[in-house]
Amino acid sequence: MPDSIVVWVAGKNVEVPKGATVAAAVFVAGAFCRTSPSGQPRTPFCGMGICFECRTVINGEPHRRSCQVLCEPGMVITPDEC
Amino acid sequence: MNAESKRSFDVAVIGGGPAGMGAATVAAECGLSVVLLDDNPGLGGQIWRGESGSSKHTQASHWFDRVGRSSVEWILEARVFQVGKGHLSAESPDTVHQIAYSHLILATGARERFLPFPGWTLPNVLGAGALHSLIKSGLPVEGKRIVIAGTGPLLLAVAAYAREKGAQVACIAEQTTGAKFACFGLSVLLVPEELEEVWQLAWQLQAVPHWKNCWPVAALGKERLEAVRLSHHGRIREIASDYLACGFHLVPSLELAQFIGCAIQDGYVAVDENQQTCIPGVYCAGEPTGIGGFELALVEGQIAGFAAANRKDLARKLWRRRDAGLRHVRALRRAFELRDELRNMPQEDTLVCRCEDVPFGLLRAHQSWQSAKLHSRCGMGPCQGRVCGAAAEFLFGWSNSSVRPPLFPVRCSSLAEMPVETIPEIHEGGSK
Amino acid sequence: MSFRPDIVIVGAGIVGAACGFELAREKFSVAVVDAAGIGMQTTAAGMGHLLVLDDSEEQFALTRYSLSLWNALAKHLPPAVEYSRCGTLWVAGDEDEMAEVVRKHTYYGERGIQTEILDAHALREAEPALRRPLAGGLRVPGDAVLYPPCAAAYLLQRAAELGAKIFLGKAVNSIRNGITRLADGTVFHSKFIINAAGQFAPKLTPGIHIRPRKGHLVITDRYPGTITHQLMELGYLKSAHSISADSVAFNLQPRKTGQLLIGSARQYEVADGNVDFAILSRMLKRAMEYVPSLGSLSAIRVWTGFRPATPDQLPFIGPWPDDPSIFLAAGHEGLGITTSLATGRLAVDFLLRRASAIPVEPYLPSRQIEGVTHA
Ligand SMILES: Cc1cc2nc3c(=O)[nH]c(=O)nc-3n(C[C@H](O)[C@H](O)[C@H](O)COP(=O)(O)OP(=O)(O)OC[C@H]3O[C@@H](n4cnc5c(N)ncnc54)[C@H](O)[C@@H]3O)c2cc1C
Ligand SMILES: Cc1cc2nc3c(=O)[nH]c(=O)nc-3n(C[C@H](O)[C@H](O)[C@H](O)COP(=O)(O)OP(=O)(O)OC[C@H]3O[C@@H](n4cnc5c(N)ncnc54)[C@H](O)[C@@H]3O)c2cc1C
Ligand code: FES
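Chains as they are written, first to last, in the working numbering: chain A, 183 to 264; chain B, 2 to 433; chain C, 2 to 376.
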């Protein structure tokens, strides 16, 4: 893909189109963005910055709302615990 | 860690959807200095999200073009978290914007209503609007099986879009009755501007089963969604599925209006014929005054913009179009009213609060939202009750009119930098 | 209503709940009445820090006694109460405050409370998030934190299991001569009435000196492990207890959820519960001076609450001289979560006419009458 970006999600490389949100990358990777207080894995839910379900760790920073953040080459995305 | 920016404007518009774009543009065209704030990376709101000038939607490209040529200053990725008399604060990734204003226009839009059912917290169960925007922003769905469930016209739009991108839409499960839906269809056909869109939708969806009287009973799967169990005309059906996109129509985003003390009536912000709220100089337009779609939002926005610019003559010319739109609000309300059976969807252990993992069974013991919140942590997470609050209102009839700062979670440093001379005193005059 | 309790308790905050719990355990028949719900007023706003404090000899005695009761109860508390014995770490910024650390260490030690002096290095090891340089600190390992509304609910649930009757959403209009009149017309006749109405106690018992003292708190999203003790600056004593001026102090609590609760601010003569951004800003800046990384953490919610404050910073626990049927249990200011259990014990001791574990005179409401004649 010429117009694509590679990011690192939960331990593997995934390729997403330019302009993709981190939330989309989480789905593409078949990963989870966070585990809930009782330990359930979750994926982004509302897609519009309201529900905070998509919180994830981006380049070491916890609790980023992945549906509001665009992928950048080389980003490291790991599950959040919250 | 925070840069600070202090500015002053005649008009501050909060929300960059159709209502906010319309309001800001006409106010600026009347010669006022206008700032338009939105928390997304682009203007357009829910419906024109990520379209900008290249839109195939003619209305969208008209307004993107017009706001671009106007003197409106827009600030994106900026969440307004505090509003006081003549002053507001917004946070963006590395800045706190302190803005002084003379007139305030609230155009904060709506969000989807989500209702809990067993399994709705499973990975790959998501909002209908969320699926739409994720596909738009790079999620490939080619060959994926998708069930779309809930209520409202948005389900159809999402289904059509997913199909266009190669998904296999297994069915649309619509909770309302066939009769109500048909009535709604007729009312839409009476609005000529929407005819073309409706036909297009119908054409795109002709191969998709569209079940009425149908709602989710459970989302099934071990690690992620594998199948959806639906109740359809009293029968249970199970459908294998990769994604379940659900949404139970829309709820207006009222927090900001409630916070500053705007009167609320029947669940919407009360406004006069010029979209002015009970607080002089504070206007409200778009979904918070009634869920009626983008055409109405645009018209209301312009009325508010003209009124703020003291061009009531121009505002008046749009009244008739607005009143026609308000009929649409009522038609939508009737058609997609939630049926009582949906209150039986959650089981004792179904989580209602997704932030704090609070099950339905724990909430039932309480008398009020406040008590439930205090003792179970429901609504205490970072969504501040935006998801579970709307669900609890439907499930238990609890209302939650108390809105506390910050309006959205913000960095502690942003709160610390609130300018002291603008301590909000705006609460008086509100009816709440 | 045919129900004739021995004792009516007005108020289901932490203090009323503790009284209900202790009385029910002693087989009294008890009615607890609250205008709202359980723990929905000041108890909902409090920080839930259980600590021994040495503002005065009397305060020390009450907090030490109550803390021992909490610690004995700890193993029974359900998870929702979020009890955690994290200890308090008093932070000394300079050598003056270090001298206070040493004084406190001796004072606590002489009274049977073990503490540990930390030098600058040990403080850094204990709490790496604190700014440097700092002079050191004092660790009080027996202190704890909990979530007050659920603690109140637990105590009342235990009371109810022992036969107490709990009436929620019922306002009390008046209490006098053993008669409790509810707004809905219900009347209770009882031997004693405990006024545990917190900041509203003077409405039911006119003449008692309790003033609301406003506080602000901020809670963050979950950041587990950022700090592990409740952190307090030693300047706290000086600033927080100044009687009239508004004050802020660094006070940071690690919740069991991983959230951080940021305090504290104290204001007199403010009646409205609105967030005051001037004092909030001062409070946050103070906290960020001590823990700089706090600035980038996400704040979810800000709220305010009113501490029921008395002129001498000690609660009223004991019979009301004007009406022997009334027992006051109110005015616990900023320590009511801590001192609630001891309050319940003192109430039971009084009703059973038995000796208490600590001298009760300092808390008797009659002290006010004497004080007032001089004021
Ligand atoms: C997911 C979704 C899909 C929809 N699809 C359609 C459709 O296909 N057709 C249709 O007619 N209608 C659709 N709607 C309805 C839609 O709400 C309206 O048609 C239209 O977008 C309303 O315009 P608006 O300006 O009132 O609100 P919105 O478009 O919702 O715009 C409000 C904006 O304000 C921003 N905002 C809110 N609070 C703050 C704050 N505190 N600080 C900063 N910014 C803030 C929001 O992020 C948003 O960008 C959809 C709604 C949703 C939720
Ligand atoms: C910001 C802040 C931080 C604090 N931090 C701590 C801390 O860390 N540690 C600590 O130990 N303490 C702390 N406190 C203090 C503690 O919260 C209070 O001392 C304690 O909650 C007082 O409890 P109460 O039961 O007396 O009052 P309340 O909780 O106010 O209960 C009184 C009850 O009486 C009811 N009531 C009143 N009038 C009537 C009526 N007429 N009829 C029926 N019912 C009535 C009310 O509805 C209410 O439920 C803090 C307080 C604040 C404000
Ligand atoms: S998916 Fe809801 S906030 Fe991002």
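Think of the hints as simulated: they come from the structure by calculation, not from any bench. Being a predicted model, the structure only gives us computed values, none of them experimental. Treat the hints with care, as some may be off.
[As the list claims (entries may be wrong)] In silico PhoX-like cross-links for lysine-lysine, where the CA-CA straight-line distance does not exceed 20 angstroms:
1. B/145 with B/166
2. B/137 with A/200
3. C/171 with C/28
4. C/28 with C/192
5. B/166 with A/200
6. C/204 with C/166
[Stated by the list, open to error] Footprint (simulated), chain B over chain A, 3 or more residues, beta carbon under 8 angstroms:
7. 188-198
8. 222-229
9. 233-244
10. 254-260
For each residue, glycine too, the CB sits at the ideal point set by N, CA and C.
* Could you work out which earlier hints the structure fails to respect and list their numbers in ascending sequence? => Violated hints: 3, 6, 7 and 10; rest satisfied.
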